[in-house]
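Just so you know, the protein sequences line up as chains U and H, in that order. All residue numbers for the first sequence refer to the UniProt record's numbering, where the first residue is 1 and numbers rise by one. All residue numbers for the second sequence refer to the UniProt record's numbering, where the first residue is 1 and numbers rise by one.
If you are wondering where the hints come from, they were derived from the structure by calculation, not from laboratory data. Fair warning: this is a prediction, and the values are worked out from it, not measured in the lab. Note that beta-carbon positions come from the ideal geometry of N, C-alpha and C, so glycine has one too. One or more of the hints may lead you astray.
Some chain H residues near chain U, calculated using beta-carbon distances under 7 angstroms [what the hints assert, rightly or not]: (1) 71; (2) 73; (3) 120; (4) 148; (5) 150.
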Amino acid sequence: MYTELNSILNTTPDSFTQGEFVLLSDRKSDASFLIHHFLSLYLRARCKVWFLGLVQSFNHYSAISQRLGVSLVQAKEKGQLVFLEGLNESLSVLIPQETDTTSQAMGFLSDPAVGLKSLYEFVRSSVTSSGGGEEEADGAEEWGPPVLLVDDLSVLLSLGVSVGAVLDFSHYCRATVCSQLQGNVVMLVRCDGEEEEDDGDDEGSERLLKGLTHQCSLTLHVQGLPTGFCRDIHGQVEVCWRRRQGDGQYTQKKLFQYKVHDKGASFFAPGTSSAVL
Amino acid sequence: MLPELLQGTDAGGFLIIQDSASYSGRHLLKSFINSALDREEAVHVLGFEVSEEELKDGLKGSPIQRLHFHNAYTDPLGWTDHPAFTVHQFCLEELTRLVKQTSHPKPATLVIDSLSWILRHLSPPDVCKTLQQLRKGGAVRAIIGLLHADMHQSGTVGSVCHLATSVITVVPVVKGDKAVAKITKRSKSGKVMQDEEIFSIKDDFTVIVQGKPSQLGHKQADPKEQETDPTANLTFNLRLSDTEREAKEKLALPICVQQREENGSAPLGPRFRTNFV
Numbered sequence: 001m002y003t004e005l006n007s008i009l010n011t012t013p014d015s016f017t018q019g020e021f022v023l024l025s026d027r028k029s030d031a032s033f034l035i036h037h038f039l040s041l042y043l044r045a046r047c048k049v050w051f052l053g054l055v056q057s058f059n060h061y062s063a064i065s066q067r068l069g070v071s072l073v074q075a076k077e078k079g080q081l082v083f084l085e086g087l088n089e090s091l092s093v094l095i096p097q098e099t100d101t102t103s104q105a106m107g108f109l110s111d112p113a114v115g116l117k118s119l120y121e122f123v124r125s126s127v128t129s130s131g132g133g134e135e136e137a138d139g140a141e142e143w144g145p146p147v148l149l150v151d152d153l154s155v156l157l158s159l160g161v162s163v164g165a166v167l168d169f170s171h172y173c174r175a176t177v178c179s180q181l182q183g184n185v186v187m188l189v190r191c192d193g194e195e196e197e198d199d200g201d202d203e204g205s206e207r208l209l210k211g212l213t214h215q216c217s218l219t220l221h222v223q224g225l226p227t228g229f230c231r232d233i234h235g236q237v238e239v240c241w242r243r244r245q246g247d248g249q250y251t252q253k254k255l256f257q258y259k260v261h262d263k264g265a266s267f268f269a270p271g272t273s274s275a276v277l
Numbered sequence: 001m002l003p004e005l006l007q008g009t010d011a012g013g014f015l016i017i018q019d020s021a022s023y024s025g026r027h028l029l030k031s032f033i034n035s036a037l038d039r040e041e042a043v044h045v046l047g048f049e050v051s052e053e054e055l056k057d058g059l060k061g062s063p064i065q066r067l068h069f070h071n072a073y074t075d076p077l078g079w080t081d082h083p084a085f086t087v088h089q090f091c092l093e094e095l096t097r098l099v100k101q102t103s104h105p106k107p108a109t110l111v112i113d114s115l116s117w118i119l120r121h122l123s124p125p126d127v128c129k130t131l132q133q134l135r136k137g138g139a140v141r142a143i144i145g146l147l148h149a150d151m152h153q154s155g156t157v158g159s160v161c162h163l164a165t166s167v168i169t170v171v172p173v174v175k176g177d178k179a180v181a182k183i184t185k186r187s188k189s190g191k192v193m194q195d196e197e198i199f200s201i202k203d204d205f206t207v208i209v210q211g212k213p214s215q216l217g218h219k220q221a222d223p224k225e226q227e228t229d230p231t232a233n234l235t236f237n238l239r240l241s242d243t244e245r246e247a248k249e250k251l252a253l254p255i256c257v258q259q260r261e262e263n264g265s266a267p268l269g270p271r272f273r274t275n276f277v
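Turn these sequences into a full structure, and let the hints guide you.
What follows is the structure, given as structure tokens:
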């Protein structure tokens, strides 16, 4: 996890807001480094984590988490991490074998119009059956609040799922994990175009981003620098708190610049990069 | 106009709060709920987007007993076995039944959070028909709905707002937690009034109107002029007093004194010619 981002968000593994829906988004950039932050933060916080990894393999996340000081392999063995490897699961849907007994979580691939009820069922049954924070079976460890991470939602649009179905899925995840179980949800959505003042006709990532923004309590939006490429500053992150903060302010926005390193990322106020000071 | 609207809509009134992803209209919606409760009205909330706990957060005191939350948040699509209220139950009969469940002398105010959720799943004509039937039906005294204008086509937004007697569009102001409310109100005689007001919402959901957007421009200029007087606190004088000016005019410049003394030779000495003719 990135300590500077923790101080910006006022979180530590020992103290973080529960019941939050965090939306990570990027526009012509790559916000996936933030997924690794939240994954390592919540694992260190001893939460039970459900990770829907739809775009990368388990080994990819494991290698990066290793550099951040967290072992996903160990977490999985201990039962702290439940990982849905979307790429693998999708093969069993696309090329079904007779002996397949895998879940129907990725069943929407064969008929995207059906929506994501099956994927939600996978999440719900897994999260509620393991107690979601309650005591496990004898001998098993007791974990903290449940956390659901999704990387990423935009790929579902590419697979033929409608924006409405994705918004319904995120709504149900929030209702179950955040409201019912007082856990947290972190989802990544990616936009490839310019921000448009569209007429609502756009069935793509822009409408999905707006819909998710209405649902969430905290957004982190990653973009490249408006002035262009810079070797020492990889982009900017706009953090927006949408729920009431302690001092009574409702919506608060802050802008930071960041640089991704081999073993982390640093965040700083605009113009204060160590390269220019 | 905003305080007038908060004091109560006329019978058969339909108020829409239009917001966008950049500023949530739910805070203003809760102010309207708070005002209705203070007027000893019963308020029925059809809650699709936020949980009961989140909606009631901040609303305190005994009036909250007159707030009836109908849970369409947990399972709005009937994905579980026992949904409390689904979006497909949004019709005159079901809503009338809901509102009449609680006995109260006065007809209630129905709050819909949000119309956008319903419009994502039901066709706009059906939604408009139900809203119009509700208005005329007499089961509810007034309807207040939250609409995320950036989630729909402009035609849909226009159609729904056409039914409304008042529309408040909220947009954020750059600094602070203030916002601008653009209000359109249609009276029963057909007269249309429009206004724009800057407002902020306190912790107890009272709304403070802080003038008009054009006034804000002036207000911002005046403090700046009063703040800094660049001619104050200088270490030197900018102006000469009368005696100082006289003394300055009487003073002979060193170059002139030397010229008189050396009687014809160049002021800077014989080696330097300054009169190039």
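Hint check results:
This hint is violated: residue 71 (chain H) has a C-beta 10 angstroms from the nearest C-beta of chain U, more than the 7 angstroms allowed. Interface hint at residue 73 (chain H): satisfied, since its Cβ lies 6 angstroms from the closest Cβ of chain U, which is below the 7 angstroms cut-off. Here the hint on residue 120 (chain H) is kept, as its CB sits about 5 angstroms from the closest CB of chain U, short of 7 angstroms. Checking residue 148 (chain H) against chain U: minimum C-beta separation of about 5 angstroms stays under 7 angstroms; hint holds.
At a threshold of 7 angstroms, the smallest CB-CB gap from residue 150 (chain H) to chain U is about 5 angstroms, leaving the interface hint in force.
Comparing the model with each numbered hint stated earlier shows that hint 1 is the single one that does not hold.
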